[in-house]
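Assemble chain Y onto chain F, guided by the hints.
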Amino acid sequence: MKLLEALNTVKSMHSRGGPTLPCALVTGFTPLHLKTFLTAELVRRIPGRSIEIAEGLYGDLAGNMRRLPEAKFEFAVVVVEWCDLDPRLGIRSGARWSKDELSDIVATAKQHAAQFLHAVGNAAPLPLSVCMPTLPLLPLAHTPGWQKSAFEVDLHGVIQSLASSLAGLPHVRLLSAQQLDLQSPPSERFDLQADLRTGFPYLIPYASTLANLLASLALRSTPKKGLITDLDGTFWNGILGEDGVGGISWDLEHHSQIHAFYQRFLGSLAGAGVLLAVASKNDPALVEEAFARADLAVAPSAFFPVEAHWNAKSESIARILEAWNIAADAVVFVDDSPLELAEVEAAHPGIECVQFPSGDDLEIYGLIARLRDRFGKNTVTEEDGLRLASIRRTRTRDVAAESATDTNFLDQTEAEVSFTFEREPLDPRVLELVNKTNQFNLNGARHTEASWRALLSNPGAFLMVSSYRDKFGPLGRIAVLAGTLCGTRLSVSTWVMSCRAFSRHIEHRCLAELLARFRPEEVRFSYQQTERNGPLRDFLSRLLGSPPAPECNASRSLLDAFLETVLHTPEMIDE
Amino acid sequence: MNKIQARLTNCFLAVFPELTIDQVVSASSTNVRNWDSVAGVTLLAVVEEEFGILLDNSSVSGLNSFQDFLNYLTRTTSTDLYAAAGGY
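Line order of the protein sequences matches chains F and Y. Quick note: the first sequence uses the numbering used here, first residue 1, plus one each step. Quick note: the second sequence uses the numbering used here, first residue 1, plus one each step.
If we strip away everything but chain F, and leave its shape as in the complex, we get (with noise of 0.2 angstroms):
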């Protein structure tokens, strides 16, 4: 991004206004031009918000972070550089360089990283995103530039183990060196006029680049659910129809390994919880057959379902969507056939159709760096490893449903519905159902770690997570609601439930258990028709007799009514 343009991006910001989203930017040098920056692309990534972003003091991080608690802020950019450590690591410094000098650097430097981390352990919970020193050392050892001084090895052992302590904080995202390396070349980022002139120390566009990163830090898209592949010429190398079993490779021999490294790739999306499919044109059997030989690179258990046929691939999506019951927006398709892809995207709006470049290692390798990017988490859950599991053992369960009654059915499935209220600590997986559940969702509203809690603390606030499993297995944390009890009414500001939880009655189990803990005379939903809410929508409408308004209200007797008709009694468990 142009200067500018970040500018008129800002510029736009203000006269369009919004709700504030207040952040600040913590920096010893003069943010100058990487504030304008980080504030552009916020805007970009959040166009509805007004970014309002606060600075501190000149040459005082520690200070800066120190203060940071004071102001309600959602989250927080901290940047360091070698002279928050030591002035004497920068050029604004008149302090001499003698030999001596250097290992009294290295020892303020560890003494003020000891500061800093104390004060970012103390800014928690704020969400905070964290780059270390990126400008190259200044030529103060005695040491050829070529030759890497002890100093040198000193000063980045005491930010590798500053970077150790402060990734292991659960309220800290560090940015990635690497990244920043392949994008930013380090010898393409020091401004030494703009540092002397005005202790800004970057490049413009480093400094553009940088904002770039560190907003995506700060405000992590949401990465997707699931990923369907084709198998020949993406998930092997070769054609499997003509080639046979034996003819496909992903291995060195056949300088296909780059196909074994993609395998590789998706064993660990589906370790993380990612769904992972197969829509393939290829005879059933032959599928099976290469899916039994023992040099795969990710276990064929991985892939639920695997759709090998004749017919179209957008078919075959449909029926993995539908198994999955995920929407196309959630899902990446792999393959290396533009056709395909064009047939797909055509059926499935929303789908984001990925072309495998084939035969080029070097675009494969790219684009499998772009894909760990679509599906990163920050944190992978118990549920994450629940999930897949889950899915299998529903079309068991959805096989076994259809030579039953619905109730009769429910009965039979041993369902356990439990429920917590514990507001502390904060759940990762709570904040991810109400960021990432769309369907069974009361209004669509979304939550930064800081906004939920502030939610949270309201007065009489409340918070119900519930859990489920049944003889067929866990499905791990379901359902979050949450809102706050005020007299004998209960507000509803979130319901979320994950589609996986659909038709087993577990929302009428919430609001039961709802109305036997906090016994309210009426509960009111802070309903928002989003475009994919569908299924709550439905539900209130069954509730209330009619389309739910915004702010619409149940009284007890109306809910105490409307429970007693549906409801099947799997047992309770209050944790």
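Simulated from the structure, these hints should not be mistaken for lab results. Fair warning: there could be bad hints in the mix.
[Unchecked claim] Below, computed lysine to any residue pairings styled on SDA-like, alpha-carbon distance capped at 25 angstroms:
| hint | chain 1 | residue 1 | chain 2 | residue 2 |
| --- | --- | --- | --- | --- |
| 1 | F | K436 | F | D195 |
| 2 | F | K11 | Y | L19 |
| 3 | F | K436 | F | D360 |
| 4 | F | K11 | Y | S29 |
| 5 | F | K11 | Y | N34 |
| 6 | F | K2 | Y | L13 |
| 7 | F | K2 | Y | G40 |
| 8 | F | K2 | Y | L54 |
| 9 | F | K11 | Y | D56 |
| 10 | F | K110 | Y | S37 |
| 11 | F | K11 | Y | G52 |
| 12 | F | K11 | Y | N57 |
| 13 | F | K2 | Y | S37 |
| 14 | F | K11 | Y | D22 |
| 15 | F | K2 | Y | L19 |
| 16 | F | K436 | F | D251 |
Note that the structure is a prediction, hence the values are computed from the model and not measured.
Frame of chain F; chain Y shown alone:
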């Protein structure tokens, strides 16, 4: 309005959003309330980036108004600068 003046006007409007196009031509550090040191540095950076030039310290001290910038850019117009400004 020639191309250099038009692009310079865009730079001023981005840095001083409170100005109208008509006011830009007479803008100076003495009559634009928000023309402080930060705005001055930002303006220099935007002009450098927009015209693909590097302003040295001696030039910077004399650039205190729209007309100063315009005169400087016109005076130092070279083949490269014309090309950067879309003159060819």
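Status of each hint after checking the structure:
Distance check on the hinted pair: F/K436 and F/D195 sit about 43 angstroms apart at the alpha-carbon level, beyond 25 angstroms; violated. Note on F/K11 and Y/L19: the hinted pairing holds, with a Cα-Cα distance of about 12 angstroms set against a maximum of 25 angstroms. For the hint pairing F/K436 with F/D360, the CA-to-CA distance comes to about 35 angstroms; that exceeds 25 angstroms, so the pair is violated. The suggested pairing of F/K11 with Y/S29 holds, with an alpha-carbon distance near 20 angstroms, which does not exceed 25 angstroms.
Using a Cα cut-off of 25 angstroms, the hinted pair F/K11 and Y/N34 holds, with the two alpha carbons roughly 14 angstroms apart. A threshold of 25 angstroms between alpha carbons decides the hint, and for F/K2 with Y/L13 the separation of about 15 angstroms falls inside it, so the pair holds. The straight-line distance between the Cα atoms of F/K2 and Y/G40 is roughly 17 angstroms, inside the 25 angstroms bound, and the hint therefore holds. Of the supplied pair hints, the one linking F/K2 and Y/L54 holds, its CA atoms being roughly 16 angstroms apart against a limit of 25 angstroms.
Restraint check for F/K11 and Y/D56: the C-alpha separation of about 28 angstroms exceeds 25 angstroms, so the hint is violated. Of the supplied pair hints, the one linking F/K110 and Y/S37 is violated, its CA atoms being roughly 35 angstroms apart against a limit of 25 angstroms. Between F/K11 and Y/G52 the CA atoms are separated by roughly 23 angstroms; this keeps the pair inside 25 angstroms, and the hint holds. Using a Cα cut-off of 25 angstroms, the hinted pair F/K11 and Y/N57 is violated, with the two alpha carbons roughly 29 angstroms apart.
For the proposed pair F/K2 and Y/S37, the alpha carbon gap of about 21 angstroms is at most 25 angstroms, so the pair holds. Between F/K11 and Y/D22 the alpha-carbon distance is near 18 angstroms, which keeps this suggested pair within the 25 angstroms criterion. For the proposed pair F/K2 and Y/L19, the alpha carbon gap of about 21 angstroms is at most 25 angstroms, so the pair holds. For the given pair, F/K436 sits about 37 angstroms from F/D251 by alpha-carbon distance, which is inconsistent with the 25 angstroms threshold.
Checked against the numbered hints listed earlier, the structure breaks hints 1, 3, 9, 10, 12, 16; every other hint is satisfied.
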